[in-house]
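S.K.: Sequence:
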Amino acid sequence: MSDEFLRDALAGLTAEPKSLPGKYLWDETGSDLFDRICHSADYYPTIQETALLPQAAADVARLVAPGVTVVEFGSGASRKIRTLLDALPDPSAYVAIDISGEYLEAAIRRLAPDYPGIAMVPVCADYSKPVRLPISAGPGGVLGFYPGTSIGNLEPREAGLFLERARQTLGPSLFLVGADGTSDPERLQRAYGAADGLMAAFHGNMLTRLNRELGADFDRDNFRHDIRLCHDPLRVEARLVATRAASYRLGDRTITLAAAEGIRTDTSHKYTADAFRTLAAASGWTPRALWQAEGGSFNLHLLQAEA
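Using the UniProt record's numbering, the letters of the sequence shown correspond one by one to residues 1 to 307.
Please keep in mind that the hints were generated in silico from the structure rather than gathered at the bench.
Be a bit skeptical, because a hint or two may be false.
Said to hold, decoys possible - Using C-beta positions, here's what the derived DEER-type ranges look like: (1) Glu158 <-> Ser183: 29 to 35 Å; (2) Ala58 <-> Gly295: 34 to 40 Å; (3) Val121 <-> Gly295: 36 to 42 Å; (4) Glu155 <-> Glu186: 23 to 29 Å; (5) Pro113 <-> Gly141: 37 to 43 Å; (6) Gly141 <-> Arg7: 51 to 57 Å; (7) Tyr115 <-> Asp219: 43 to 49 Å; (8) Ser183 <-> Thr50: 47 to 53 Å; (9) Asp219 <-> Glu102: 33 to 39 Å; (10) Asp219 <-> Pro172: 47 to 53 Å.
To be verified - Below are the EDC-like pairs computed for lysine to aspartate or glutamate, each with C-alpha atoms no more than 20 Å apart in a straight line: (11) Lys23 <-> Asp232; (12) Lys18 <-> Asp35; (13) Lys18 <-> Asp8; (14) Lys270 <-> Glu158; (15) Lys129 <-> Glu261; (16) Lys129 <-> Asp27; (17) Lys23 <-> Glu105; (18) Lys270 <-> Glu155; (19) Lys23 <-> Asp3; (20) Lys23 <-> Asp184; (21) Lys270 <-> Asp232; (22) Lys18 <-> Glu261; (23) Lys23 <-> Glu102; (24) Lys18 <-> Asp274; (25) Lys18 <-> Asp219; (26) Lys18 <-> Asp196; (27) Lys23 <-> Glu4; (28) Lys18 <-> Asp217; (29) Lys18 <-> Glu164; (30) Lys270 <-> Asp27.
Each residue gets a CB set at the ideal place from its N, CA and C atoms; glycine is no exception.
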């Protein structure tokens, strides 16, 4: 991981404009911070999804057979999966895929005692790349689960590639996917720029990882967290902005930043229901059902892939 991390970090920080891949937000500390963000009153996607998920889970439960294998991409703290597992008819296995191995193992340890009849299968992997499941599908087939707004963190072309890879990973299956459709600038500013101050810590942790894991010497105090609302396509871009000019060491390179120069650390694309269904269809999925909050400000999509 460290070699890949260094290559990716150098590629982004020597480009113009500078960036860091958002997947490196997700170490144990970052995962914990984001879990806290999800409990912030400012972070509307979790609030809306939590309200939608019980009805979606009940509807999905009527479409799957007993013994279904549930596969979650980006499982994090494995909190939302409880609503789905509680609704489904005797699921046989839960496969949790996450990039943060320690956080993944801890989440499974918390979850497993409450579901003794369900096989718990943690898979530490970067799911933006092809992932092969370590177990065969149960007698009830496969149900994929990708909650939250994570698909929006991918560029649209990358999101399409992810959906294609997920279809290959899951095979013939149903796939429940969350997508954010909010366009209200004030709501976006509160959610991604504030969230009780936790967003700044979440993105700043990327610099801590560079220092700890790659021997860099970034001064976190020289950076402030900032967001931009962009259009065509609609998205929120998160950045770490240098407050003064400085140079830092990373590997055998020197990274120089001007005062007020930013490093993009993440992007969150927003999809209307129709735009996401078009994306899914182009990636080989058939839209099957839709659940919406507040007229489409957050959507849960059920997709289907045939053999």
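S.K.: All the hints need checking, so say for each whether the structure fits it.
M.R.: Okay, the hints, checked on the actual structure:
1. Glu158 <-> Ser183: 29 to 35 Å: violated, 21 Å
2. Ala58 <-> Gly295: 34 to 40 Å: violated, 21 Å
3. Val121 <-> Gly295: 36 to 42 Å: holds, 38 Å
4. Glu155 <-> Glu186: 23 to 29 Å: Once the Cβ atoms are compared, 25 Å apart, the range 23 to 29 Å for Glu186 and Glu155 holds.
5. Pro113 <-> Gly141: 37 to 43 Å: violated, 26 Å
6. Gly141 <-> Arg7: 51 to 57 Å: For Gly141 and Arg7 the Cβ distance comes to about 38 Å; the hint is violated.
7. Tyr115 <-> Asp219: 43 to 49 Å: holds, 45 Å
8. Ser183 <-> Thr50: 47 to 53 Å: violated, 21 Å
9. Asp219 <-> Glu102: 33 to 39 Å: violated, 27 Å
10. Asp219 <-> Pro172: 47 to 53 Å: holds, 52 Å
11. Lys23 <-> Asp232: Roughly 23 Å between the alpha carbons, so the hint for Lys23 and Asp232 is violated.
12. Lys18 <-> Asp35: violated, 27 Å
13. Lys18 <-> Asp8: Holds, because 12 Å separates the two Cα atoms, which is no more than 20 Å.
14. Lys270 <-> Glu158: Roughly 14 Å between the alpha carbons, so the hint for Lys270 and Glu158 holds.
15. Lys129 <-> Glu261: Judged against 20 Å, a Cα distance of about 31 Å means the pair is violated.
16. Lys129 <-> Asp27: The hint holds at about 18 Å.
17. Lys23 <-> Glu105: Measuring from Cα to Cα gives roughly 18 Å; hence the hint holds.
18. Lys270 <-> Glu155: holds, 11 Å
19. Lys23 <-> Asp3: With Cα atoms ~15 Å apart, Lys23 and Asp3 stay inside 20 Å; holds.
20. Lys23 <-> Asp184: Status violated; Cα separation ~26 Å.
21. Lys270 <-> Asp232: holds, 10 Å
22. Lys18 <-> Glu261: holds, 9 Å
23. Lys23 <-> Glu102: Distance ~15 Å between Lys23 and Glu102 Cα, so the pair holds.
24. Lys18 <-> Asp274: Violated: Lys18 and Asp274 sit about 32 Å apart, past 20 Å.
25. Lys18 <-> Asp219: Answer holds: Lys18 to Asp219 is near 17 Å, not above 20 Å.
26. Lys18 <-> Asp196: The hint is violated at about 26 Å.
27. Lys23 <-> Glu4: Distance of about 12 Å is within 20 Å: holds.
28. Lys18 <-> Asp217: Holds, because 17 Å separates the two Cα atoms, which is no more than 20 Å.
29. Lys18 <-> Glu164: violated, 29 Å
30. Lys270 <-> Asp27: violated, 25 Å
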